[in-house]
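There are 2 protein chains.
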Amino acid sequence: MTNTINKVLVTFLPDEVAGEINVGETILTAARRAGVAIDAPCGRRGRCGKCRVRVLSGEISAPASEELSLLQPGELAAGERLACVATVLGALTVVVPESSRNMTRRKGTAALPYPITPEPWTRKICVAVPPADLAQRDFRADLTRLWTALNITEGESEYAAVTALPGALLAGDGTVTVVFAGERLLTVEAGETSAAHYGVALDIGTTTVAGYLVNLRTGAEMGTASLPNPQGIDGADVISRIEYTQRNGERVRKLQNSVIGAVNTILGTLAGEAEISVAEIYELTMVGNTCMHHLFFGIDPATLGHAPYAPVVTAPLTIRATTLGIHAHPQAQLRALPNIAGFVGADTVGVLGASQLATRSGLYCAVDIGTNAEVLIAKNGRVVACSTAAGPAFEGAKITHGMRAQAGAIDGVSITDELTIHTIDERAPLGICGSGIIDAIGELRRVGVIESSGRFTDHDELTDLPAALQARLREGGFALATAAKSGTGNEILLTQHDIREVQLVKSAIYSGILTMLEKLGHTPADLDGLYIAGAFGAYITREHAIGIGLIPNMPLEKLHFLGNAAGAGAKMALLSTHEYDKIITSAAEVGYVELAGDPAFSEHFMYSMELDVDCGE
Amino acid sequence: MTNTINKVLVTFLPDEVAGEINVGETILTAARRAGVAIDAPCGRRGRCGKCRVRVLSGEISAPASEELSLLQPGELAAGERLACVATVLGALTVVVPESSRNMTRRKGTAALPYPITPEPWTRKICVAVPPADLAQRDFRADLTRLWTALNITEGESEYAAVTALPGALLAGDGTVTVVFAGERLLTVEAGETSAAHYGVALDIGTTTVAGYLVNLRTGAEMGTASLPNPQGIDGADVISRIEYTQRNGERVRKLQNSVIGAVNTILGTLAGEAEISVAEIYELTMVGNTCMHHLFFGIDPATLGHAPYAPVVTAPLTIRATTLGIHAHPQAQLRALPNIAGFVGADTVGVLGASQLATRSGLYCAVDIGTNAEVLIAKNGRVVACSTAAGPAFEGAKITHGMRAQAGAIDGVSITDELTIHTIDERAPLGICGSGIIDAIGELRRVGVIESSGRFTDHDELTDLPAALQARLREGGFALATAAKSGTGNEILLTQHDIREVQLVKSAIYSGILTMLEKLGHTPADLDGLYIAGAFGAYITREHAIGIGLIPNMPLEKLHFLGNAAGAGAKMALLSTHEYDKIITSAAEVGYVELAGDPAFSEHFMYSMELDVDCGE
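Line by line, the protein sequences are chains X and G. Quick note on the working numbering: the first sequence kicks off at 36 and runs consecutively. Quick note on the working numbering: the second sequence kicks off at 36 and runs consecutively.
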């Protein structure tokens, strides 16, 4: 009998791979074993419904309460289940729909703000070292003769450089290439190898881990690769991951290992595509929010989970990459940009660098919209920062048919007499991502389907609406794609709930900007420029961002989209140690403002829920 | 049949332990497996005959040519074999005589030259860190608040200190003990732990590895432990070990692992006897000759094997002890004193520190007699150094019945009407060690049994000799112990060959001193003091050291025996970072003189072979 067998196989289609698990474990666990990436942003809590799979055959548990509340009876009848909740009772065959998979996102641009001459922290120098010589009475050590040949006063040498030296001198017949990190001798290689000198800038996001491979000799960017942050399986957002770790060292290490695994996959991919070896990567820089930063380093993030949200460390960390288990040159150095506060992390410091806020005269604002939103305001180079509890609605979370910006996501909506949608990779629509949500709300507000309060207008007040749009009106929702046109076979709806979620997020961001400006004695009208950072920002429509009150009303020419500015900051720091120093210095001078419990913020937050909070001015 | 079985057991008596090996491997290999320490200073070459064992029963190879030449027919008949050569053909039972064992030597004294106030490089400070506080608007990082509580500008922190911090703050309820190495934060511990703060000074000798445990808070020495350097099995001297490594990274690592294993045994013993944990050892210093230094760090010593004998590194190395596999606190720091040249190593730098040569006004000489001999001459604080190719005769090597200064070694000889010997631990004599050899030669020269040239006087010229001494005269030798009185059952002889070996060594040392003084325009008569370093030195008779021409003739009050001054230097550097700095600075200013190929040295060497080279002046 199957229920006397402990181990069973779960086969996943269309992949045709199988994972072995114990009876009583979930389909999601089997998927992880089999290497099938199923999205589970709620951290296995059965709340988000993103991990739907269809059971074709086999023994499975009866639907749990979470499944009964998130799945329609017809869906359950068709075998649809939540992979994170449904437990396996016997051998099973399961179909994983594309909409439930973790897929590579659209690449976020991480463009440099200006051309940067490569002056990396690590340097490679080829030098010929004359041998010790009895006749010349030169009995000096190999290392001493090496420093003399370099014409540098003997400085600090890494242990590995010392042990590598005699072999390198022998194999290179006296000619070696030395690698420095700053003034410290990192390693010595036989012969002339200075052309092989690469670095990677890492952007460790809550949802996505991205790497940028740079030729440190020429400054050329050689490739980009990204993966979903695999920590997502244990919690979609920062707070869920902190809750998951529970001050348990093993769990902190598990999350660390999981993100380092993703980094290694990315390094392997980048190296493979560029036809180099990971051992030629000598230097990495890293940005991420404070929690991602702490987990990346294996630092317990528990204190980030409750007021006053103090981080363990804000200072910039430098570490040998292999200490973290990163596959690069054995002596490769990793430098993390510093954090500013518990919820203003190294990613925001990257934005600070890429937006050049600390060197601009005038009044500027930069907002980084990712899983959270951080706001920087700079007045003649003096910078203050805050974090707004924005939440990941623009990443698709908590949105009924929300999804990440992956193939099939509705990322653009426009309305004339009828509704036109655009999807990523022009695929049949599977759901809606951040820019699509903003477009949809903005357009529906424009044509009156949504009121200023965010409420759907009563249908009987919409009799003037073109018939094609009328046909899309639903009770408490609007159909962006019909069942016939959608890639899921079901309608893709924007619901009243979705609009409320977006209002919460956009109000948090808007109020954050307003409160910070107010503290400096300013209003949005005084701004000389507003920078929107975040891969998401690159795809939103400026008019709608203002239209729905996500950001203050301002001339469009003052509005700049930086793309992945956090990643750009990491690249700047990688390319040039001068840029790194500049960023570190300006980050150390940023003033942090805590908005939690700030009465001005609470007041702004209330009235900023209005969609056209700022459109009348 | 036994010869179809691959694995056989070799049982060792009186230990009653067994080692399993393959048929065809040696008894020595089986002994290593079983953990039985058998001496093999010639590096398994069948040359020194120190690894004699007696086979009681079992199948063994026929005597090899090395055994036929080193063992008497009677000995072979009694089952005596060389463990390094005899190969095992079947299960075997073997007796290991005490004279063939590696035993702990007499402890070398490593007395400090003056009292030193403990000011170690590593410091422990207990501090209460106020929590982050919403009401006080204190959102700063744990690490930032820690540095503030210490009242120190935030400096460099080890990664391990950062990861340890949140747990330590939680467990210590805000009170933590920080450990610094210099200005760098090494680690953080919960609560008040500053009383537990220990360090170990390591003296890595070619033949002996010694460790000195010091309480770094009080400066008290808590214990000493030593072991034979287990690298001895692959070569008794520096040159054999270099030949063994053959530029082969695996072999370098093997020798490194073997000495690190001995260090770990020593640390475990020291910690156990002092009832502390090795994890409370935060700091180590290390001295050793250049080759031992290189092998300790896993640095290929190949270039030390041939002219111009350039080392790989002379600069002081600092490394986390765990990087070398040393069992101490995970962040424990190890600092090696620098080397000066290929054959003037960190051990000589230790002697430089302990002899205070660099701070004396006047003309001074220090000689470190170990497996090799290094000479330092200082004129008003300016120091020059050289190495003499002395060889390990005083360690018992190449001496017919030579042995290390272990229990049963003859370490003192005096002659009146008859001969009196003293043995270590007052045991029945097993052989003769360095101080015994010098005494024996000195006394026999005094009574005319040996001529000034080192030759044994013809027996017919010795008719005036007391009968008790006459009875000890042998053809080409002199019996220091009769078969009846010896612990081996055989006579213990001083042979003509032994005297020649000692003459080579003493001439090298004497000529080194003379040549160096000459280069400074001086003769031995100008010396204000002569320091003899080396554990060996502590036991020799001053008169005989001068009498046989080991050192220049000088008033005995100018002659000082420092004991293990290399170890004392390591202890000084451990106890006080100021002493460390002073030693490093003076070592960097030492001028190195290469005696190889120096015509003056060659000339002195020739006539210094005479035993009473300097007695007539």
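Bear in mind the hints are in silico, worked out from the structure with no lab data behind them. For glycine and all other residues, C-beta sits at the position ideal for the given N, C-alpha and C. It is possible that part of the hints are untrue.
Take a look, some chain G residues computed to stay more than 12 Å from chain X by CB distance [as the list claims (entries may be wrong)]:
no.: 1; residue: Gln-171
no.: 2; residue: Leu-185
no.: 3; residue: Arg-282
no.: 4; residue: Thr-325
no.: 5; residue: Ile-354
no.: 6; residue: Pro-373
no.: 7; residue: His-494
no.: 8; residue: Ala-502
no.: 9; residue: Lys-520
Per label pair, the in silico range of CB-to-CB distance [claimed, not checked]:
no.: 10; chain 1: G; residue 1: Gly-59; chain 2: X; residue 2: Leu-124; range: 56 to 66 Å
no.: 11; chain 1: G; residue 1: Ser-312; chain 2: X; residue 2: Arg-288; range: 19 to 29 Å
no.: 12; chain 1: X; residue 1: Gly-284; chain 2: G; residue 2: Ile-274; range: 20 to 30 Å
no.: 13; chain 1: G; residue 1: Pro-165; chain 2: X; residue 2: Arg-288; range: 24 to 34 Å
no.: 14; chain 1: X; residue 1: Gly-284; chain 2: G; residue 2: Gly-296; range: 45 to 55 Å
no.: 15; chain 1: G; residue 1: Gly-190; chain 2: X; residue 2: Pro-150; range: 31 to 41 Å
no.: 16; chain 1: X; residue 1: Thr-128; chain 2: G; residue 2: Gly-59; range: 54 to 64 Å
no.: 17; chain 1: G; residue 1: Gly-190; chain 2: X; residue 2: Pro-153; range: 21 to 31 Å
Hints versus structure:
1. Gln-171: violated, 9 Å
2. Leu-185: holds, 14 Å
3. Arg-282: violated, 7 Å
4. Thr-325: Thr-325/G is in fact no farther than 12 Å from some Cβ atom of chain X, at 9 Å.
5. Ile-354: Label violated. Min Cβ-Cβ 5 Å, cutoff 12 Å.
6. Pro-373: Per Cβ check, Pro-373/G is inside 12 Å of chain X; nearest 10 Å; violated.
7. His-494: holds, 47 Å
8. Ala-502: holds, 56 Å
9. Lys-520: It holds; Lys-520/G is separated from chain X by about 50 Å at its closest Cβ, greater than 12 Å.
10. Gly-59/G to Leu-124/X: 56 to 66 Å: holds, 58 Å
11. Ser-312/G to Arg-288/X: 19 to 29 Å: Holds: the Cβ-Cβ distance is about 24 Å, inside 19 to 29 Å.
12. Gly-284/X to Ile-274/G: 20 to 30 Å: Given range 20 to 30 Å: violated, Cβ gap about 49 Å.
13. Pro-165/G to Arg-288/X: 24 to 34 Å: Holds - the Cβ-Cβ distance for Pro-165/G and Arg-288/X, about 29 Å, lies within 24 to 34 Å.
14. Gly-284/X to Gly-296/G: 45 to 55 Å: violated, 30 Å
15. Gly-190/G to Pro-150/X: 31 to 41 Å: Taking Cβ atoms as reference, Gly-190/G and Pro-150/X lie about 35 Å apart, which means the hint holds.
16. Thr-128/X to Gly-59/G: 54 to 64 Å: With a Cβ separation near 58 Å, Thr-128/X and Gly-59/G satisfy 54 to 64 Å, so the hint holds.
17. Gly-190/G to Pro-153/X: 21 to 31 Å: holds, 30 Å
Against the hints set out earlier in the document, violations occur for numbers 1, 3, 4, 5, 6, 12, 14.
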